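Chemist: Each chain, letter by letter, is given below.
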Amino acid sequence: MGEFHLFESGSAVTVIIGLWMIGITRVPTSLTLYGTQSAVLGLMAMYLGVLRAEPLLVIVGVAVIALKGIAAPAYLLFVAHRLDCRRDDGVSIAPPLQFFGALGALALILLLHPLRAALPESSLPSIGMLLLGMIVMITRRLAISQIVGFLVLENGIFLYTIGQPHTMPIVVEIGVLMDVLAGVMLAGLLAFRISREFESIDVTELKELRG
Amino acid sequence: MTVLLLLIAYLAHIAFLPLLFIGLVRWVKARLQGRRGPSLLQPFWDIAKLLRKGETISETATSTFRLAPLASLAAILAVALMVPWLGLPSPIAGDLILAIYLLAAGKFCTSLAALDTGSAFGAIGASREAAISVQAEPALLLGLAALASHARDSRFSALLAPGGGEHTIILALLVGAAAWLCAMAELSRMPIDDPTTHLELTMVHEAMVLENSGRSLALIEYAVALKTVLLLGLVSQILLILAGNQTLAFHYVLSIVLLAASAVALAIAETVMVKLSWRRVPNMLSYAIGASALACLLVAMRG
Numbered sequence: 030m031g032e033f034h035l036f037e038s039g040s041a042v043t044v045i046i047g048l049w050m051i052g053i054t055r056v057p058t059s060l061t062l063y064g065t066q067s068a069v070l071g072l073m074a075m076y077l078g079v080l081r082a083e084p085l086l087v088i089v090g091v092a093v094i095a096l097k098g099i100a101a102p103a104y105l106l107f108v109a110h111r112l113d114c115r116r117d118d119g120v121s122i123a124p125p126l127q128f129f130g131a132l133g134a135l136a137l138i139l140l141l142h143p144l145r146a147a148l149p150e151s152s153l154p155s156i157g158m159l160l161l162g163m164i165v166m167i168t169r170r171l172a173i174s175q176i177v178g179f180l181v182l183e184n185g186i187f188l189y190t191i192g193q194p195h196t197m198p199i200v201v202e203i204g205v206l207m208d209v210l211a212g213v214m215l216a217g218l219l220a221f222r223i224s225r226e227f228e229s230i231d232v233t234e235l236k237e238l239r240g
Numbered sequence: 008m009t010v011l012l013l014l015i016a017y018l019a020h021i022a023f024l025p026l027l028f029i030g031l032v033r034w035v036k037a038r039l040q041g042r043r044g045p046s047l048l049q050p051f052w053d054i055a056k057l058l059r060k061g062e063t064i065s066e067t068a069t070s071t072f073r074l075a076p077l078a079s080l081a082a083i084l085a086v087a088l089m090v091p092w093l094g095l096p097s098p099i100a101g102d103l104i105l106a107i108y109l110l111a112a113g114k115f116c117t118s119l120a121a122l123d124t125g126s127a128f129g130a131i132g133a134s135r136e137a138a139i140s141v142q143a144e145p146a147l148l149l150g151l152a153a154l155a156s157h158a159r160d161s162r163f164s165a166l167l168a169p170g171g172g173e174h175t176i177i178l179a180l181l182v183g184a185a186a187w188l189c190a191m192a193e194l195s196r197m198p199i200d201d202p203t204t205h206l207e208l209t210m211v212h213e214a215m216v217l218e219n220s221g222r223s224l225a226l227i228e229y230a231v232a233l234k235t236v237l238l239l240g241l242v243s244q245i246l247l248i249l250a251g252n253q254t255l256a257f258h259y260v261l262s263i264v265l266l267a268a269s270a271v272a273l274a275i276a277e278t279v280m281v282k283l284s285w286r287r288v289p290n291m292l293s294y295a296i297g298a299s300a301l302a303c304l305l306v307a308m309r310g
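Residue numbers (the numbering used here), protein chains in the order written: chain A, 30 to 240; chain B, 8 to 310.
One or more of the hints may lead you astray.
[Stated by the list, open to error] Straight-line alpha carbon distances no greater than 20 angstroms define the calculated SDA-like cross-link-like pairs of lysine to any residue that follow:
{"#": "1", "chain 1": "B", "residue 1": "Lys-60", "chain 2": "B", "residue 2": "Leu-217"}
{"#": "2", "chain 1": "B", "residue 1": "Lys-282", "chain 2": "B", "residue 2": "Ala-37"}
{"#": "3", "chain 1": "B", "residue 1": "Lys-282", "chain 2": "A", "residue 2": "Arg-116"}
{"#": "4", "chain 1": "B", "residue 1": "Lys-282", "chain 2": "A", "residue 2": "Thr-54"}
{"#": "5", "chain 1": "B", "residue 1": "Lys-36", "chain 2": "B", "residue 2": "Leu-47"}
{"#": "6", "chain 1": "B", "residue 1": "Lys-282", "chain 2": "A", "residue 2": "Leu-219"}
{"#": "7", "chain 1": "B", "residue 1": "Lys-36", "chain 2": "B", "residue 2": "Lys-282"}
{"#": "8", "chain 1": "B", "residue 1": "Lys-36", "chain 2": "B", "residue 2": "Gln-49"}
{"#": "9", "chain 1": "B", "residue 1": "Lys-36", "chain 2": "B", "residue 2": "Ile-15"}
{"#": "10", "chain 1": "B", "residue 1": "Lys-36", "chain 2": "B", "residue 2": "Thr-203"}
{"#": "11", "chain 1": "B", "residue 1": "Lys-282", "chain 2": "A", "residue 2": "Met-166"}
{"#": "12", "chain 1": "B", "residue 1": "Lys-60", "chain 2": "B", "residue 2": "Leu-77"}
{"#": "13", "chain 1": "B", "residue 1": "Lys-282", "chain 2": "A", "residue 2": "Thr-58"}
{"#": "14", "chain 1": "B", "residue 1": "Lys-282", "chain 2": "B", "residue 2": "Tyr-294"}
{"#": "15", "chain 1": "B", "residue 1": "Lys-282", "chain 2": "B", "residue 2": "Asp-160"}
{"#": "16", "chain 1": "B", "residue 1": "Lys-282", "chain 2": "A", "residue 2": "Met-207"}
{"#": "17", "chain 1": "B", "residue 1": "Lys-36", "chain 2": "B", "residue 2": "Tyr-294"}
{"#": "18", "chain 1": "B", "residue 1": "Lys-56", "chain 2": "B", "residue 2": "Leu-27"}
No lab work stands behind these hints: they were computed from the structure.
Please read all numbers here as calculations on a predicted model, not as lab measurements.
Full structure from sequences and hints, please.
Modeler: Here it is, written out as structure tokens:
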């Protein structure tokens, strides 16, 4: 089994998890899936680090597993539990239908490969995951699910980075990781504030703000 | 000669494995609930008791009602000799479309018998079973079709063979997951339906067979048990693609171990999970269809 092969299978697994998250309506489940996805990404980074003999990439992988795989989902699970949000039925289109829509779009991108000139085929999974994260952000009702969508999008960027032959300097990687963690903390606090001010974190109700 | 030996092996397993499997599920479930549980052989005694009992048949029922259990058992038996669910090569060559539609034909007979008596519960059960199988069938068919086009052969012996090639791992996992969800739906087990429910309004499969008694109930119960090991055996064969090329004996032992493991998994699921509300069943089955569609996409991409 070649190097590229295992890496490709890993990215396929992360994209499949991202796709699955679109159809999920239970908030705790989607957080758990996000943790799993990040852990797989971390393992892939470690694997690539060992393969290319770059110890720093292994460290990044361990940090990703610890911070994005465990810490961030655990914190958001705590927030979701405190705010008592269990189910997010989505805006306008039911999540299972969104799931099929996203699946169809992904199939079109992968089979037709419209941006052949600009994008190499190896970057398609990460682009796909980025778009999946955006879909989650656009179509969800609760603020906490939108945080999850943002995190999936960020995972897509991470997948793109580690897929490149020359990885970014470790400082940048760790910096981005810290930024994401700080973002999660802030967003969680914000969700608390929104829920205290408006007694709900349903973003469709924020229209009430308009005068 | 080998075909004869295989036929004998399959028939011997078909005779005792299904009821033993059901017994194992019940025993593990009882243990998990803190009861001692019946002996593993209890389903055999149940069937023997039912076979001795007389049969009550509704006055409005036609001969369809009496023939349906036989027809459905015959269909499932034929599929059981076609699909290599034991890990040994199957004695009859069959392809996936024949197997899936024979199973559907068996189900059709059971539904017809449920409608035949004119009882309200039977009709409710039949319509639910049809609604579920409409959603489960495309998923199973698509998933197996993905494996078949990967192997470029639609016979079970070829499509379940551990072929090389890229992405076999993900393909097998996706199709395995889809097949497991379909098996839960087709067998009316958790989380689609609780097989031990005693409330007619929530029953799916049990509501259909409320009118059956005596010998025909024994046939139906045995057919359901056989279908259970058949579908779960198919799931374990799909997962065993991951194990690669093994000797026949090792493969057989692995298959039996996986079957036992799926009995334990069923029992655990039935202990800890709650039944899905009826409106959410399509959501769950959409994941099965999605996983199968993804598998097809993967095969289409890799040609």
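Chemist: Output the numbers, in ascending order, of every earlier hint that fails for this structure.
Modeler: The structure conflicts with hints 6, 9, 11, 15, 16, 17, although it agrees with all the remaining ones.
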